[in-house]
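Protein chains in written order, with numbering that gives the first Met the number 0: chain A, 0 to 961; chain B, 0 to 473.
Hints listed in this document are in silico derivations from the structure and should not be mistaken for laboratory results.
Mixed in with the good hints there might be a few duds.
Footprint (simulated), chain B over chain A, 3 or more residues, beta carbon under 8 Å [said to hold, decoys possible]:
(1) 685-693
(2) 913-923
(3) 928-939
For every residue, glycine included, the Cβ atom is placed at its ideal position computed from N, Cα and C.
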Amino acid sequence: MWSSRFLVFIAACATLAAAEPSPRFERDILPIFSANCFNCHSAGSLVGLDLRTAESTLRGSHQGPVVIKGSAEESPLFKKVSSRAMPPPAFNLKLTDAQIETIKNWIQAGAPYDVSTREDLQRETARFDHSIKPLLEARCVSCHGAGKPMAGLDLRTLASVLQGSRNGPVVEEGAADKSPLLRKTLSGSMPPKGAGLPLTDAEIHTLRQWIDSARFGSGGAAQTALREKFSDAEAPEIQPKDREFWAFRKPAAAPVPLVNNKPQVRNAIDSFVLAKLEAKGLTLSPAAPDLTLVRRAYLDLTGLPPTSEELKRFLADAQPRAYERLIDRLLESKQYGVRWARHWLDSAGYTDTTGQETIFDGIWRYRDYVVESLNADKPYDRFLVEQIAGDEMVDWRSAEKYDSQILTSLIATGYLRSTFDRTDADITNLPQERYDVLIDLVDKVSSGVLGLTVGCARCHTHKFDPIPQRDYYRFMTVFSSAYNPWQWTTPQQRFLPAVSKVEREKIDRHNAELDVPLAALKEQISRLRAPYEERLLDAKLLKLPADIREETKVALRTANDKRDSIQQFLAKKFGKALEVKAAEIDAGLNEDDKKTSERLQREIETLNGFRRSYEKIQALWDTGPPPAMRLLQRGVLASPGPKVEPGFLTVLSAPGKSEFVRPADAKGQTSGQRLAFARWLTNRDHPLTARVIVNRVWQHHFGKGIVQTPDNFGHMGAAPTHPELLDWLAVDFMEHGWSLKRLHKTIMTSAVYMQTSRQTPRGNSVDPDNNLLWRMNLQRLESETIRDAILTASGKLDLTMGGPAVLLKPRPDGLQVISDKDPAPKGQWRRTLYIEARRGYPLTFLEVFDSPLMQTSCNRRLNSATPLQSLTLLNDDFMIGQAASLADRVMAAKPSSSIELVYQLALSRKPDDLEVKSSSRHLQDQTQAFLDANVPPEKASQRALASLCQILLSTNEFLYRD
Amino acid sequence: MISAPRFPSRRELLGISGLGFGTLALESLLQAESSTQVRTGLQPRAGHFPGKAKAVIQMVQNGGPSQMDLFDPKPELSKRAGQPHPDGVEIHQPNNQNILLPSPFQFSRHGQCGMELSELLPHLSTIADDVCLIRSMHTEHNNHPESLHMLLTCKIFPGRPVIGSWITYALGSESQNLPAYVVLRDPEGYSVGARLLWSSGWLPALYQGVEFSSAGTPVHHLKPSEPLPPTVQRRNLDLLAQFNKSHAGNHPGESELDARIENFELAARMQLAATEALDLSKEPESVRRLYGLDDPITAPYGTRCLMARRLVEAGVRFVQIFVGKGQPWDHHANLKQELRQICQKTDQPSVALVKDLKSRGLLDSTVVMWAGEFGRLPTTQNADGRDHNRNAFSLWFAGGGFKSGQVHGETDDFGYKATSNRVSVPNMQATLLHTLGLDHARLTFPHGGREETPTEATISGAAVVRELLKSPGA
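The following block holds chain B by itself, in its conformation from the complex (with noise of 0.2 Å):
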C-alpha cells in the first residue's frame, strides 16, 4: 500500500531537529504535544502493533564465523575429502584451492529439539533449547565492509541507518537518562567498518550509536579530559542555563531551543547515569562467574555481555556488541586453531547473556542476536583455511519472540549454498523488527525525496519469515 504523498509539516520538521518523527513517531509527538515535559525525541513511542520484544542485543561477530564447524555438520565433506568441488564455488582471493575441506570438529545433538552443534560450542550446546538457529542465511557480496553494512543496513554499502538507528528512531527509548542506542567495542580497537556499523545515516544523529567503552572512560566527552573541580561543572551547566532561558525568552515558541536547554540537563544525568549502568562492581559473584569475567580468556567480552545487560535493565533500547578489534572470525589459513581460540573467548559470556536474562525473566522481552557478516567456503585457502562465502552463513537468535529449539533452512551436500527455506539479511531485519511491534515496510523516513524503509522491500523483496516467530500470528 502506498501512503498518500505528504510533505512534512513544521512540526515535523521540528522532529529532524530531534524531537522525533515520521509517520509512525510523530503520531505520539502529536499526542504528548499537550504535556509540557519537553520532548529529546527519545520518549517511548509505541510500535505499530504490540511486539513481544522491547529490546535488542545485537552481538556482532563480524569476520565471517564458519558454519560447517560451528553451527551446520556436513558429513559429505569428509566423505570426500581431499576431491575438488563438482561446480566450483565463487571465490575472490588468492591461494585458494577448490578442494573440499572438512571440518576439524565433531558434532552431537543437544537439547531436547536434538540440534546439532560443534564441540567448539560447549555452552550454546547448553541452551539449544532457547536457540532459534537459521541455517540458510544468504547474502549479498563477499568482501567485509560490504557484507557487515548489508548485515545492518541491507545495502553492501555505507551511509544508510543501520537497524539499531531504526528501532530506537521509530520506539524511542525506555531511559531518559541514557542514549537509546549503546555500542559496547572492543577497547582494544574498533572492527573492519568501524563507526559506521553504528551510524545513523540520514536519520537524525540523535539515533546514532552511542559507544561505551568498557575500560577507562565510558562514554566520549563525558568528563573533560582534564578534571574540574566539583563545583565548577554544576556551575558552568547553571549560568548557561540561566543564560539560555533568557535568550528563549526573548524567542517564544521556538521548541528547538527548550530541546536544547534540556539536553545539557539530560547530558548531566547521563554523566552519572552511564557510570552506574556500566559498575559491574555491584554485581554477585556468581553472575561474574556465569559470564567469565574470572577468566582472562573470558573476561574481556564477558565484561561486555554483562555490561549489556545491565544496560537493557536500565532501559536502553538497542546495545551492540563487538567482539574484537579488526576481524576476529576470519580465518583464511589455521582455522582449526584459531576458531578454536575465538570460540573459547565469546562461547560462555555469549550464552551466560541468554541464562542471565531468562533467569530474571527478561529473555521474552529482550531479542538476543549472534551474527557474522557471511559465512566460509568448504574449499580449502592455504591449506587449512577457508575463504568467505555469501551463498550461506548461519546465525542464531534468542528470546524476543522468536521460536527457540529449532533449526530453520538448510544448505547443500557442502554448506557451501543455502538451499531450502532461504533466509536473506532483509528478510532477517523484517522478523527482527516484527518481534518489535514493528512493520519494516509502514517504518519510513523521508530522504532524498522518497520515503526511505529499513529494508526496502520492494526492491529486496523483504517479507516476515513466519516460521521463526513463536507466534506466527498477523
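Only chain A is shown next, with the shape it has when bound in the complex (with noise of 0.2 Å):
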C-alpha cells in the first residue's frame, strides 16, 4: 500500500519539477482565489480588495498593496495566508500546503500574469454604449460633458461615469437606489429646472435596470486610483463667523446682574435667573416646606428617600445652616456616588455584557471606578483624561508592579469599551462591523462630552454646524490605533490581567511550580482507581452483543478526535450508557484504596490552595501603531476617499491648533492620540466641555437643562435659556477645579433650587413652560429610584457597595427576573445600580419606567405614563412582595397607629384627617373582604395592610419629586 503512495509522491515531485518555476495568475493562483476569496474579496469588496484579476489583486486594498512583488514575507496577502488568519477559520476553507506554497511562489517570481482579461468591462461597455449613452447624451451631456463639465461629472463614456463626480462616484454597481446618478433623476433634482424635463419613467427603469444589473468588474471603481485630495465639500475651512456661534466660543463669566428683590438672593444663580424674571414682571416662587425640600434633596442626591430618623435628624437641627449642612452630610454619603453614577453611565452606555450579552467577570470595575471617582470628588477634567487616555498616561507595560493609579487608569478606559461591539463571533467580525463600533463611540464620545451631533459628518458636511466631514474622520481616527479595524481586536481579547507582567510572569511561574507535585498526584489517584474503572466499563459493556464489546471499549479508549468514522459512531451510540461515573468507583474502593484515595485528594486540594490568580480588567489600550484611515465618501465603507490624521474638531480648537502632537507626557508603547485629544478637551478655553458637564448636572436638578439639548449644543439645538448663568456656571466650576460636588452645593443652596414646585396662575401665563425657572418642575422618579425607593420603604434595601452584578434571568412569561442562581438571591435587594445592566433586555420593571435600552448612550430619559406602569404597580410580584414587606415591617414595630407608621415610612410624612380616615375604612373593608374570602383572621388584616401599603407606593405623591 504504502508504495503506491509513494509512487504518487514521486510522481508529484516530478511534476513540480518539470513544472515552470514561476507560476502565473491565470493558471495557478485564479482557481485558489475563486474557490476560497471571492465570497468576500471579489467586486464591492468592502475592504476594497478584488481578487478576480491581477490587476486588481496587484492593487491591492484601501489599506493599500497586499503583494509586495519579489517578497512573500513583506506581502499582507502572503502573511494572511500562511498564518491562516485568512481565509477566515470560521468558513471551514482551509488552503492546503501546497496551495500556500504556490501563492508564495508566485509572489517570489513577482507576481506575473498574463495578459488581463477585460470581458466585463468589454461587454459593459458595448451594453452602455447601446443603451444607457444616448439617454445621456440627450438629456444629460449638455452640461455634464466636454470643456469643464458640471460637478466635474463627465458623462460621456462608461469610464468617465465611472469616475464619478467632485464629490465621489455616481454609480454603485448593482444597487440603483443608492446610486446617486439615479436618486438625483428620481428625485427631480436633475435635470434641474429649466434645463430639461424630468426624465421619463422609462427612461428611469432603463437606468435603474443597467445599474442594478452591472457588473463592471476590475472596469469599476476600484479601478479608480484612490483620491488623496479633499474636495471642498469634504473640507471647507472654517470661516471666522463660524466661530462666533454662542457655544463655539470660550465661556466668558459675565459680570452678576443687579436684581431688584434682593432677598430673595442667595448666591449668583439667583441673581442671574431673577434678572431674567424681573424682567417679565415675575419673581421666584416662596421656599418648598422643609419635609418637601429634604425629601428632594435625598433623591436627587443619594437617589434614596430620607429614612424617618434621618428626617428627625434635620428636623431637631434648630441651628442656622442646617439645610446646608444636609447638603454637606448627603454630598459625604456613600450613596451619592451610587446615585450619580447612573446619570454617568448613561451617558457612557454602560453594560455589564459585551459582544452578544456576554458577561465577563472585570467588566464591572468601571462602574465601581465611576462611584469611587465621584465619591472622591475627583475633579471632572481628571475623570474625563482618565476615561478616555487612562492608559497612555501611565506605563503599565513596563511596570514592575501595578500601583492604583496604574490600575485605576487602565480600569478607566472602560468608558471606551462601553460601546456595543458585536464582532465576538465570526459572522459579525466583518469590517462595517467593526467600524460601527468607532462610529458610536464617536457618537457617545461627541454627544455626551461635546455635546454636539456630528453623527451628520460622517456621509456628508454637517449642514448645520461647521463640522466638515473630514473633521468627523479625524475625530474617528483618534481611537483607531485602539479600536484599529484593520487589525481587530475582538471583545473578548480586550481584557488586560489586573497585574503586570512581571507579576503574572511570577504567578504562573508559581502555579507552574504547583503543577508538577500536582500532576504526579494525579496520577497516583488515576494508577488506584484504574483497575475499578475497567471492572465497571466491562461489566456495562455485557449489555452490549459481544461481537462489539472490544471494539467500543477501544473506540472509547481512543481521544474523540483520534477516532476514526465507525470509533465516533459508537462512541456516540453507547458513550453515555457506559460511562463509569466518578461515584460509581467511589462506592467501589476497598477500605485501604479509599483512604488512600481520600488523602491524595486531601493532598491535592492543599496544593491548589496556594494556587495564585489574578483577576481581569475590561481595558482600552493601543493594540499597534496607527492604522492608515481614510474619509468614507457617503460613509460607505466601500467608497474610501483621502487619508485623514488624527485630529480636533477645527471649530473649537484655536485657529490652526486642531492638529494632533503627540503629549509629552504620553508613557509608554503608545501613540498618545488619545490623551491628546483628551487634553485637547479639558484644556480652559475649550468651549464646550465644561459647559456641557455643568449643564447636566443642572438638567438632573431641575428637570431640564439651561441647554434643553443636552447633546447637541449646535444650530440644531436649543439655545439657552440663561446664556450667562451657562457661562458663570461653567467658568466657576473651571476655576474651583473642576469640583462637581462643589457644584451641587452651588445649585442646591440657590433659592431656585430651593423653590416650591406649585404652579401660579401668573407664572403659567407668563411662562407655561417655566424655562424661566419661577418655580421648580416636578419630576418623575427615575426608575432605579423607584425601584430604590420601594425597597427603602419596606426595609429590605441592602447598601453593599461595589463587586459583580447582580445576575438577572429570562422568565419563560418573558419578564426579565433577578435570577434565582447563587449568588444572585443573596444581592437581590441591593441598590439597582449594581442589578446586571444590559444592553437589550433589562430587568423589566425598570424597561417598564424608561430605563433606556443602550443602544449607544443616554444624555436624557424620557418619561412616559403608560398603562403597563399603572399594571406593574397593581400586579407585580415585585410590588405586592414589597408592600407585604412593608405591612410586616409596620406590624412588628405594633405603633400605636399603623396609618402613621406607614405614611412615615412610605411618604415621610405624617397623614392628614381625612387621610387617616378614608385609610383606615379601607383597612376595615379589605380585611372584611379577605375574611369573605376566607383567608385566616391574622393573615387578612396583614394583607389589608398590605393592600394600603402598596396603594402609598403607588401615588403620584410616591412616584415624584415635589
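Reassemble the complex: the two chains are provided individually, in unrelated frames, and hints are given to aid placement.
Next up, the structure:
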C-alpha cells in the first residue's frame, strides 16, 4: 500500500520539478482565489480588495498593496494566508500547504500574469454604448460633458461615468437606489429646472435596470486610483464667522446682574435667574416646605428617600445653616456616588455585558471606578482624561508592579469599552461591524462630552454646524490605534490581567511549580482507580452484543479527535450509557484504597490552595501603530476617500491648533492620540466641555437643562434659556478645580432650587413652560430610584457597595427578573445600580419605567406614563412582595397607629385627618373582604395593611419628586 | 425638504411624557387641547394624507424562508443541478458547498394572474389574486438578529423603534381599552431577537408592542399572580384614585398627573377588554375550522391568527404574530422535510386570516404582511440544506391598498440575487407607511439632537414603490 502512495509522491515531485519555476496568476492562482476568497474579495469588496484579476490584486486594498513583488514575507496577502488568518477559520475553507506554497512562489517570482482578461469591461462598455449613452447624451451631456463639466461629472463614456463627480462615485454597481445618478433623477433635482424636462418613467426604468444588473468587474470603481485630495465639500475651510456662534466661543463669566428683589438672592444663580424673571414681571416662588425640601435633596443626591431617623435629625437641627449641613452630609454619603454614577453610566452607555450580551468578569470594575471617582470628587477634567486615555497616562506595559494609579487608569478606559461591539462572533466580525464600533464611540463621546451631534458629518459635511466631513474622520481616527478596524481585536480579547507582566510571570511560574507535584498526585489517584474503572466498564459492556464489545471499548479509550468514523459512531451511540461515573468508582473502592484516595485528594486540595490567580480588567489600549484611515465617501466603507490624520474639531480649536501632536507625557508604547484628544477636551479654553457637564448636572436637578438639548449645543439644538448663567457656572466650575460636589452645593443652596413646585396663574400665563424657572419642576423618579425608594420603604434595601453585578434571568413568560441561581438571590435587594445592566433586556420593572435601551448612550431619559406602568404597580410580584414586607415591618413595630407609620415610612410624612379616615375604612373593608374569602383573621388584616402599603407606593406623591 | 429647526415646547415635552408627540401627533394634540378628555397618547390621529389602510397585521416568519422552494421558481437550478455556482456565492458559515441545489418541490400557476407558487403552499395558491408577491427583496446582513432588526427598524443594530411603534406613535389607536400595538408570540418561547423585535427604541414606551399570550394569562401583569377577592382590587383602585386626585389638586396644571390617574382606569378596562378580545369561544365552528383550530398541527399558529383578526376588529392598530420559538424557517439541513412541516403549520392559518378579513369587508383597510428576514442560497449546505442569503428574498402583502394578483421584481437565474425592480427594506417600509397615509420622510421624532425618521431616507435612499400600490397616485 505505501508503495503506491510513494509512487504518487514521486510523480508529484516530478511534476513539480518539471513545472515552470514561477506560477502564473491565471493558471495557478486564480483557481485558488476563486474557490476560497471570492465570497468577500471580489466586486464590491468592503475592504476594496478585488482578487478576480491580477491587476486588481496588485492594486491592493484600501489599506494599500497586498502583494510586494518578489517578497512573500513582506506581502500582507501571504502573511494572512500563511498564518491562516485568511480565509477566516469559521468558513472551513482551509488552504492546503501546497496552495500556500504556490502563492508564495508566485509572489517571489514577481507576481507574473497573462494579459488581463477584460471581458467584463468590454461587455459593459458595449451595453453602455448601446442603451445608456444615447439617453445620457440626450438629457445630461449638455452640462455634464466636454470642457468643464458641472460638478466634475462627465457622462460621455462608461469610464468617465465610473470616474464619478468631484463628490465621489455616482453609480454603485448593482444598487440603483443608492446611486446618486438615479437618485438625483428620481427626486427631480436633475435635470435642474429650466435645463430640460424630468426623465420619463421609461428612461428611469432603463437607468435603474442598467445599474442594478451592472457588473463592471475590474473596470469599476476600484480601478479609479484612490484620491488623496479633499474636495471642497469634504473639507470646507472654517470661517471666522463660524467661530462666532455662542457655543463655539469659550465661556466667559459675565458680571452678576443687579436685581430688585435682593432678599430673595442666596447666591449668584439667583441673581441671574431673578434678573430674567423680573424683566417679565415675575419673581421666584417661596421656598418649599422643609419636608419637601429634604425629600428633594435626598432623592436628588442619593437617589433614596430620607429615612425617618434622618428626617428627625434634620428637623431637630435648630442651628442656622441646617440645610447647608444636610447638603454636606448627603454629598459625603457613599450613596451619592451610587446615584450620580447612574447618570454618568447612562452617558457612557455602560452595560455589564459585552458583545452578544456576554458577561465577563472585570467589566463591573469600571462601574465601581465611576462610583468611587464621584465619591472622591475627582476633578472632572481628570475624570475625563482617565476615561479617554488612562492607558496612555501610565507606563503599564513595563511597570514592575501595578500601583493603584495604574490600575485606576486602566480600569477607567472601560468608558471607551462600553460600546456595542458585535464582533465576538465570526459572522459579525466584518469590516462594517468594526467600523460600527468606531461610529458609536464617536457618537457617544461627541454627544456626551462635547454636546454635539456630529453623526451627520459621517456621510457629508454637516449641514447646520461647521463640522466638515474631514473633521468627523479625524475625530474617528483618534481612536483607531486602539480600535483598529484593520487589525481588529475582538471584545473577548480586550481584557488585561490586573497585574503587571512581571507579576503575572511570577504567578505563572509559581503555579507551574505546583503543577509538578499535582500531576504526580493525580497520576497516583488515577492509577489507583483504573482497575475499578475497568471492571465497571467491562460490566456495563456486557449489555452490548458480544462481537462489538471490544471494538466499543477501544473506541471509548481513543481520544475524540483520533477516532475513525466507526469509532465515532460507537462512542456517540453507547458512550453515555457506558460512562463510568466517579461516584460509582468511589462506592466500589476497598477500605485501603478508599483511605489512600481520600488522602491524595486532600493533598491535591491543599496544594491547590497555594495556587495564585489574577483578575481581569476590561480595558482599551493601543494594539499597535495607528493604521492608515480614510474618509469614507457618503459614509460607505466601499468608497474610501483621501487619507485622514487624527485631529480635533477645527471650529472648537484655536485657528491652526487642531492637529494632533503627541503629548510629552504620553507614557510607553502608545500613539498618544487619545491623550492629546483628552487634553484638548479639558483645556480651560475649550468652548464646550465645562458647559456641557454643568448643563447636565443642572438638568438632573431641574428636570431640564439650561440648554434643553443636552447632546446638541449646535445650531439645531435649543438655545440656552440663561446663557450668562451657563457661562458663569462653567467658569466657576473650572476655576474651582472642576469639582462636581461644589457645583451641586452651589446649585442646591440657591433660592431657585429651593423653590416650591406649585404653579401660579400668573407664572403660567407668562411662562407656561417654566423656562425662566419661576418655580421648581415636578419630576417623576427614574426607574432605578423608584425601585430603590420602594426597597427603602419596605426596609429591605441592601446598601452593599461594589463588585460583580447581581445577575438576571429571563422567565418563560418573558419577564426579565433577578436570577434564582446563587449568588444572585443574596443580592436581590441591592441598589439597582448593581443589578445586571444589559443592552437589550434590562430588568423588566426598570424597562417599564423608561430605563433606556443602550443603543449607544443616553443623555436624557424619556419619562412616559403608560397603562403598563399602572398594571405593574398593581400586579407585579415585586410590588406585591415589597408591600407585604412594608406591612410586616409596620406590624412588627407595634405602633400606636399603623396608618401613621405606613405614611411615615412610605411618604416621609404624617397623614392628614381625611387620609387617616379613608385609610382606616379601607383597612376595615379590605380585612372583611379577605375574611369573606376565607383568609384566616390574622392574615386578613396583614393583607389589608399590605394593600394600603401598595396603594401608597403607587401614588403620584411617591413616584414624583416635588 | 428640511423643516425649520425647532425645539419641543413644553406641550411637546408633555408629549414625551406619554401624551403623543411629534410634528404629526402634535397637531391633533393641539386640536384636542380644548376638550376636557384626558389624553393618553393613544387617541386616534389622522395621517399626513388619507390612507387606504387603518391597521396592520405583520406575520413574522423568522429564520429565512427559502424563496426558490416557495415563491420564486428556478428551472435553471434543476438544469444545472450539482454544478458549481459560476460566480460563487457569499457565505459566512461552515459546511457550505458551492453546488447548485434544485428545489425538490413542484411549482404551478394559480389564480387569474397565473402566479407561480410551490406545492408547499396549497392554501396561498387559492388566494393568489389577493396577494402582492415581491420576489426582489434584499437586505443588508446574513445573520438572523441583524436582519430581523433590519426588517423591522431599517437598521441592522438594535435600539431603534420598530415599524409597529412608528405606526402607533403616528396614528394612535382606534381602541382606548387595548394597547395600540399587540404582539402574539408562540407561548413556547421567543424568536431570535425576542423582545427587541417589538421595542419602541427611543420612542416613548407607550408605543412598544405589548405581549398578549395566546395561552394562559393574556397580558403581563393583567392580574396578580395570586388572585385577589373581587372587591379588593376595585377598592384599591378607588382609594388610589382618591389619593392621587387630592395630590393633583395641590398641583393644578400638571396634566401628566391626570394622565397617570387615567392610566389606572385604562389598566382596569384593559383587564376586561383583553380577556374579551382574546376569547375565541364565541367564534363559530366554521371560522375555527377555517383557521385550522380543529387540527393540532395548525391550531397553535391558527389561534394567534384568529386572535389577530379579533384584535384588529376591536380597534388595535398593529398586530405582530410570530410563528414559533427560535428560528422556524432556518433550514440549514434537511430542507425537504422541515420546510414541508413548517408550511403545514402555517399556510392554512395565514391564508385563513386573509380570507376571513376579506369576507368581513376588513381586508381593504387592513394590511396583512408575511415576511421573513432574508432568503436562502441556491447552493447546498450540509448536502440537503441552504444557508442564509441577504441578496434576495420573497415576501407578500395582502389588502390595505396593495395591488393584488401581481408579482413584483425578479431574481437572477438561480434566485441568488434580486436583479430587476429591487426592493430594499426601507423602500418596503416606506410603501407600507404610505398605505396608512404616512409619509416616511415627514414622520419624525427628535432624538439625539436629530429629527429621526423610520427609514432615514437621506442615507437609505428609501422611496415609496408605487408599482406595489393599487392606486399609485400622489
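* **Within 8 Å of chain B (C-beta), three or more residues of the stretch 685-693 of chain A** => violated (count 0)
* Annotated coverage of the stretch 928-939 of chain A by chain B, confirmed only when three residues or more have a Cβ within 8 Å -> holds (count 4)
* If you look at each residue in the stretch 913-923 of chain A, do at least three have a Cβ nearer than 8 Å to any Cβ of chain B? -> holds (count 5)
The structure is inconsistent with hint 1 alone, although it conforms to all the rest.
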